[in-house]
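Enquirer: Sequence:
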Amino acid sequence: MDQGAFCNHERTVSVHSDRPQGREAGGLEGGRFRLSLVERAWFTRCACLGWRGVSRRLPQTAPDAPRHAASCPNQATMLGKFTRWVIRGSRLLAIVSGQAWRWAPNTSARRSPIQSGSPPDAGHKLTLVNITKAKRLVNVLWQSLIPVLFAPSCLHAQGMGSPKPSPSPLVQSSTKATPSKTSRALKPVTPPPNINEGPPKKLSLKQAEAIALRYAPSLGAAYFNAQAAKDVVKEARSQFFPQIQGIVTAVGTSNAIKNEFGGTNSSVPQIRLGASGGLNNPTILSRESQGLNITQLIFDFGRTANLTAAAHFDALSQAQKTELVRAQVVYRVDRAYLNVLKAEALLDVAQQTVSDRQVLFDDIKALAQNKLKSDLDQSFAQANLDQAKQLLLQTENAVGEAFAELSAALGYKIEYRFELSEQPLTPFPKETADSLTQLALRIRPDVIGMRDQVLSAQKRTLAERDARLPSIAALGTIGRTPIGDPGVQGNYAAAGVVVQVPVFTGGLLSSRQDEAFLRANAEQKSLDDTETQVVAAVHAAWLDASTALKNIDVTEALAASSDQALILAEAQYRAGQTSIIELSQAQLTDIQAEISAAAAKYDYQILRTALDFQVGTIQYEIPRPAK
6 MDQGAFCNHE RTVSVHSDRP QGREAGGLEG GRFRLSLVER AWFTRCACLG WRGVSRRLPQ
66 TAPDAPRHAA SCPNQATMLG KFTRWVIRGS RLLAIVSGQA WRWAPNTSAR RSPIQSGSPP
126 DAGHKLTLVN ITKAKRLVNV LWQSLIPVLF APSCLHAQGM GSPKPSPSPL VQSSTKATPS
186 KTSRALKPVT PPPNINEGPP KKLSLKQAEA IALRYAPSLG AAYFNAQAAK DVVKEARSQF
246 FPQIQGIVTA VGTSNAIKNE FGGTNSSVPQ IRLGASGGLN NPTILSRESQ GLNITQLIFD
306 FGRTANLTAA AHFDALSQAQ KTELVRAQVV YRVDRAYLNV LKAEALLDVA QQTVSDRQVL
366 FDDIKALAQN KLKSDLDQSF AQANLDQAKQ LLLQTENAVG EAFAELSAAL GYKIEYRFEL
426 SEQPLTPFPK ETADSLTQLA LRIRPDVIGM RDQVLSAQKR TLAERDARLP SIAALGTIGR
486 TPIGDPGVQG NYAAAGVVVQ VPVFTGGLLS SRQDEAFLRA NAEQKSLDDT ETQVVAAVHA
546 AWLDASTALK NIDVTEALAA SSDQALILAE AQYRAGQTSI IELSQAQLTD IQAEISAAAA
606 KYDYQILRTA LDFQVGTIQY EIPRPAK
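Numbers 6 to 632, taken from this note's numbering, label the letters of the sequence shown in order.
Source of the hints: derived by calculation from the structure; they are not laboratory data.
Take these hints with a grain of salt, some might be off.
In silico EDC-like cross-links for lysine to aspartate or glutamate, where the CA-CA straight-line distance does not exceed 16 angstroms [stated by the list, open to error]:
| no. | residue 1 | residue 2 |
| --- | --- | --- |
| 1 | K207 | E424 |
| 2 | K530 | D451 |
| 3 | K207 | E420 |
| 4 | K378 | D368 |
| 5 | K211 | E424 |
Each pair of labels, with its calculated beta carbon distance range [what the hints assert, rightly or not]:
| no. | residue 1 | residue 2 | range |
| --- | --- | --- | --- |
| 6 | Q538 | L430 | 46 to 56 angstroms |
| 7 | F433 | P205 | 29 to 39 angstroms |
| 8 | L430 | Q387 | 33 to 43 angstroms |
| 9 | P222 | K530 | 25 to 35 angstroms |
| 10 | A545 | P429 | 45 to 55 angstroms |
| 11 | Q597 | V364 | 13 to 23 angstroms |
| 12 | G581 | P429 | 40 to 50 angstroms |
| 13 | K370 | E401 | 20 to 30 angstroms |
| 14 | E401 | L430 | 25 to 35 angstroms |
| 15 | K370 | S223 | 50 to 60 angstroms |
| 16 | K530 | Y497 | 52 to 62 angstroms |
| 17 | A498 | D519 | 37 to 47 angstroms |
| 18 | E401 | T552 | 25 to 35 angstroms |
| 19 | E626 | G511 | 53 to 63 angstroms |
Ideal Cβ placement from N, Cα and C applies to all residues, glycine included.
Turn these sequences into a full structure, and let the hints steer you where they fit.
Expert: Structure representation (structure tokens):
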């Protein structure tokens with residue numbers, strides 16, 4: 006720059022004046038400052054691309070508009086902000102070169118510029134002002150804040166808003182709305198505390214669910230994974246904001262070290278490094294400096310925005326996995342609770358059977374001792390009694406296993422015995438299997454989470470595509486060198502713009518883009534497979550629960566008939582009209598019918614809970630955090 010650039014004077018230049026003869030890019034010829042054709046084309050291209058990214062963030066009026074579109078500013082506001090950002094960026098480029106544009110009266114080029122904020126009119130024209138070095142440094146630092154402040158919003162505007170997950174074809178044909186309880190918002194979940202209090206003696210089903218939701222280890226692991234996924238969103242979003250690093254550097258050249266410890270006085274203060282690679286600065290001066298380095302990404306064609314959106318969808322998917330784990334915990338507790346009731350009901354049947362057969366055995370034994378019955382009858386009665394005792398042992402073992410499973414489902418590490426309350430029969434849903442299938446495809450957490458995974462993979466594909474395009478970043482540094490060579494002592498500050506263009510990477514970027522595209526296709530196929538499995542699982546659960554409900558009446562009728570048959574067979578045996586074989590057969594039929602009748606009600610309850618789990622409508626209440 007010539008010496009006149011450091012003087013406090015200004016030169017008047019008309020914007021629409023004749024073109025200079027030279028074509029040097031950004032040069033000063035004849036007192037005129039203009040950009041070359043290449044620079045103007047590049048500046049126009051950046052402005053168009055930036056505004057295109059901003060326009061994609063504007064609210065949409067279509068029915069399938071992005072979910073976050075309502076939070077975006079209107080078009081006029083976004084256009085105004087972007088225009089001001091472009092103008093201030095051009096002013097920054099001019100100030101870095103030592104000049105500034107101002108509006109001055111057209112009558113005299115030597116008059117002082119008009120006050121800032123006054124609107125220009127036809128009597129003013131644009132003037133190019135050379136500013137002093139000190140004032141230019143202040144202006145550079147002030148104007149360098151512009152891209153730092155506005156770059157995050159412009160970067161965020163490059164990417165599309167987080168779109169609403171696209172439903173499957175089966176879901177699109179359904180007219181039912183998604184229940185409000187399946188909200189996509191990331192709600193904070195209180196981590197499960199440690200178990201300090203003992204288990205209750207009496208336990209209802211709702212209490213059991215609350216304990217499991219508070220103490221289940223699997224739910225705690227899912228909670229921490231969901232919180233970690235939300236932090237990943239913050240990690241990706243951090244690139245929108247300035248990156249500031251504090252640096253302290255102390256450098257001593259060989260001559261300076263020799264002067265300090267060898268007592269010599271060498272007059273050569275600097276050293277040039279070759280290919281040693283120790284320090285990147287080719288000119289090394291003895292100094293001690295401290296300062297701040299600031300880096301701000303300005304434009305990257307939406308790569309950072311797409312990476313942030315992908316992380317956001319991953320967090321949503323992880324939140325849905327937490328909901329799935331919560332439903333699994335509740336389903337496990339309900340099933341274990343009902344299995345305990347079922348085992349206790351079978352235990353009552355076994356105890357009653359042992360009691361009845363013990364009475365019959367005592368009677369036959371007394372008759373055999375009086376020679377009124379044969380020893381064969383006594384042997385058959387003893388075998389039937391032993392069979393009943395064996396059934397009692399099996400049911401007692403089943404009760405112990407059921408309580409162990411219930412304790413594990415509640416999150417306890419040792420087995421506890423509880424007094425459980427009977428549960429009324431849950432009514433069978435009025436909807437058909439097809440209707441429940443449509444509902445499951447809309448609200449099941451695993452299906453929603455898979456859709457989020459597909460959207461995340463698609464966003465990563467766009468991010469890898471954008472990695473092949475240029476990126477623009479602003480760099481700045483400020484600090485002080487209190488000790489060192491006189492040529493570098495004092496305060497320092499600098500700012501600049503860096504454009505990185507990937508030219509050749511050996512196929513790295515294209516391979517990453519292809520990999521992301523293939524993984525997105527794989528996620529889509531996994532989603533299709535999951536939806537197919539959901540359809541089959543819901544239909545199977547609906548049929549099982551329907552059959553179990555009908556089986557209750559059948560088993561009760563069978564139990565009543567077998568009881569009547571056993572009474573008649575025992576009366577005929579005591580009257581001597583039938584043998585012990587007919588009585589044993591009647592006892593076997595009766596005990597099987599009693600077991601089926603006792604288990605039918607609980608089998609239906611378990612299958613009914615399984616149907617709710619497969620559909621995604623299992624009911625539970627999230628416990629409040631302990632105070």
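Enquirer: Taking the earlier hints as the rules, which of them does this structure contradict?
Expert: Failing hints, ascending: 6, 10.
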